[in-house]
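Novice: Given chain A's structure and the hints, the job is docking chain B onto it.
There are 2 protein chains.
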Amino acid sequence: MQDLSEQQVTEYLNLLKSEIDSRLDEYTQFGPDCPKTLSEPIRYSLLSRGKRIRPTMTLLACELSGGVRSKAMPAACAAEMIHTYSMIHDDLPAMDNDDLRRGQLTCHIQFDEASAILAGDALLAYAFEILARKLFPSGLAGECVAILAEASGPLQLVGGQADDMSWNAGGGTSLEFLESIHHRKTGMLILAGLRMGARIGGASETQKKMLEEYGNNYGLAFQITDDLLDWVGDEEMTGKRVHKDKSQGKLTFPTYLGLDESKKQAKERVEAACAALANFKTPHQLALQALVRLTRNLLERKK
Amino acid sequence: MQDLSEQQVTEYLNLLKSEIDSRLDEYTQFGPDCPKTLSEPIRYSLLSRGKRIRPTMTLLACELSGGVRSKAMPAACAAEMIHTYSMIHDDLPAMDNDDLRRGQLTCHIQFDEASAILAGDALLAYAFEILARKLFPSGLAGECVAILAEASGPLQLVGGQADDMSWNAGGGTSLEFLESIHHRKTGMLILAGLRMGARIGGASETQKKMLEEYGNNYGLAFQITDDLLDWVGDEEMTGKRVHKDKSQGKLTFPTYLGLDESKKQAKERVEAACAALANFKTPHQLALQALVRLTRNLLERKK
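So the sequences go chain by chain: A and B. Number 181 in numbering that gives the first Met the number 0 belongs to position 182 of the first sequence; there are no gaps in the numbering. Number 226 in numbering that gives the first Met the number 0 belongs to position 227 of the second sequence; there are no gaps in the numbering.
Bear in mind the hints are in silico, worked out from the structure with no lab data behind them. You may find that some hints are simply not true.
Copies of the same chain look alike in the list, so a pair counts if it works inside one copy or between any two.
Taking lysine-lysine and the DSS-like style, the derived pairs with C-alpha atoms no more than 30 Å apart in a straight line are [to be verified]: (1) LYS35 / LYS249; (2) LYS35 / LYS243; (3) LYS302 / LYS249; (4) LYS243 / LYS301; (5) LYS208 / LYS133; (6) LYS70 / LYS262; (7) LYS70 / LYS50; (8) LYS262 / LYS243; (9) LYS133 / LYS70; (10) LYS302 / LYS243; (11) LYS249 / LYS301; (12) LYS207 / LYS133; (13) LYS35 / LYS133.
Note that the coordinates shown come from a computational prediction; the quantities given were computed from them, not determined experimentally.
Chain A with its partners taken away, still in its complex shape:
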């Protein structure tokens, strides 16, 4: 792997994030035909200070596979819309009842419950409209819709949340079940972002396989470090309530494994994710190093 400077990687990642932010802004300039009572909560939640992990993964997977990232931008934004919708709905009083997210009041607190439900619904439908209208040719759009819809559907994202809800009310308690919930709630959407990027970039079967292996490990590392943040994180840095899962006795990786073992497992998953990319052949070394950077950063997550 050609060694590019740390600075180059940082600038590249910042550039990707700013491109994603601009495009999300552009896609949600709905104009006068959209009620303000709807466009405001949508934009409030979508354009808040997100890390843009999923869309960044989509763009990186596209470039790694030899594609031009602008082509993957609709898919990247669609993945972020799905992520934002799921947070808006998960935060609702009937669900996790959270009041802080991304450093600001949650959507239903800033506006009201009806607005938050509708903003989430609109983002969910709009993600597929963006894919179908902005990705060409339409066959490629159809394939990306299949990938993203599956990750968002009853067997994955929504199913994971449903199990998370009933589990809190006294369901199963195995580590396997915990991992399964997180895989469906979080891992699959990250994977979907990578899959769409790989598909749009024209990845080879070998490249696809490596990205799958990478994504599975990244997803789990992401969730373990997310749980760790709830234990040891800072509210101002994370932009959301901490110690909440802990105080509610919710089963998390640290509850189950203890702090030290959780940190160890996160580290192992990060190494496994990076190892999956070790022999990745790509014309875009910068994208490869950026993906490795994002992965190693998980171990120093502050938000």
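Specialist: Structure of chain B alone, referenced to chain A:
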């Protein structure tokens, strides 16, 4: 138009409905990977006694255009899933707060609010998965996703509901605005069903134009008669609460126009819808007569 017997038309419409019901059942056999806490509310709401107007329109439009209706079945079911999701969410306490729908308790009463929110979310995502995975070739799937997602998105279905919500809280009061809300909330999804069916059936430009004209008139007639049912309908027949809009002082067609003028306008719209089909050239006379029947039936709606 060749005159087929009333009986033939009735049998044909019943056959379509039973085919739709079976396929909806089949598509939601999620198996053990879907939590029961999710699959049960989904199936409870989706498989209840719906009129299946939207999916029937999709199948009819396909056959009218010369296609085989089995090809349009995924699109038909996707339209019904979107319709069902929107009813589940509209019935929530933070929205219209209804307790009766399709002759049974609403989803959040039968289960709980979280389950109803998640069942709606899952149906919304799943509709697009069905389109993307079951319609071939994938380019056709992409086009149908564009049609259905647009009808379900912030400018249409969700936007209409947002305006309906804020209007109840004291927004605008013109007849034009009332029609615009209903067009977005109801008309566009009916149109989307017709459009997908026409696209899948390979409709000519002339056929598409006639179906658009038809759908616009049908949609409005449907909504006026829906409002009339709230005034003069029977709870047992409609399967939902009646006199609710009226008692809440919600602006409806009868409030605005009076009962007689509303009935007159519904009749005019039905005539206009049928007139749009008068010169429709189709190899499938039965489908054409069935569509006319469905339209005329609006004037005798009991549910």
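Novice: Are the hints correct? Go through all of them and say.
Specialist: A quick look at each hint next to the structure:
Taking identical chains as interchangeable, the C-alpha atoms of LYS35 and LYS249 lie at most 30 Å apart only when they sit on different chains, with a minimum of 21 Å there against 37 Å within one chain. Proximity of LYS35 to LYS243 under the C-alpha cut-off of 30 Å is restricted to the inter-copy arrangement: shortest distance 27 Å between copies versus 33 Å within a copy. Taking the shortest Cα distances, LYS302 and LYS249 sit within 30 Å of each other inside one copy (20 Å), while across copies they are farther apart (46 Å). In this assembly of identical chains, the alpha carbons of LYS243 and LYS301 lie at most 30 Å apart only when taken from the same copy (16 Å versus 51 Å across copies).
When the C-alpha separation of LYS208 and LYS133 is checked against a cutoff of 30 Å, the pair qualifies both within a copy, at 27 Å, and between copies, at 25 Å. When the C-alpha separation of LYS70 and LYS262 is checked against a cutoff of 30 Å, the pair qualifies neither within a copy, at 37 Å, nor between copies, at 52 Å. Only within a single protomer do LYS70 and LYS50 lie at most 30 Å apart by alpha-carbon distance; the minimum there is 21 Å, versus 42 Å between protomers. Within a single copy, LYS262 and LYS243 get their C-alpha atoms as close as 19 Å, which meets the 30 Å cut-off; across copies the closest is 57 Å, which misses it.
In this assembly of identical chains, LYS133 and LYS70 lie within 30 Å of each other by CA distance both inside one copy and across copies; the values are 9 Å within and 25 Å between. In this homomeric assembly, LYS302 and LYS243 come within 30 Å of each other (Cα to Cα) only inside a single copy, at 15 Å, whereas the closest approach across copies is 47 Å. With identical chains, the CA atoms of LYS249 and LYS301 are at most 30 Å apart within one copy only, with a shortest distance of 21 Å there and 50 Å across copies. Both within a single protomer and between protomers do LYS207 and LYS133 lie at most 30 Å apart by alpha-carbon distance, with minima of 23 Å and 24 Å respectively.
When the C-alpha separation of LYS35 and LYS133 is checked against a cutoff of 30 Å, the pair qualifies only within one copy, where the shortest distance is 24 Å, while the shortest distance between copies is 36 Å.
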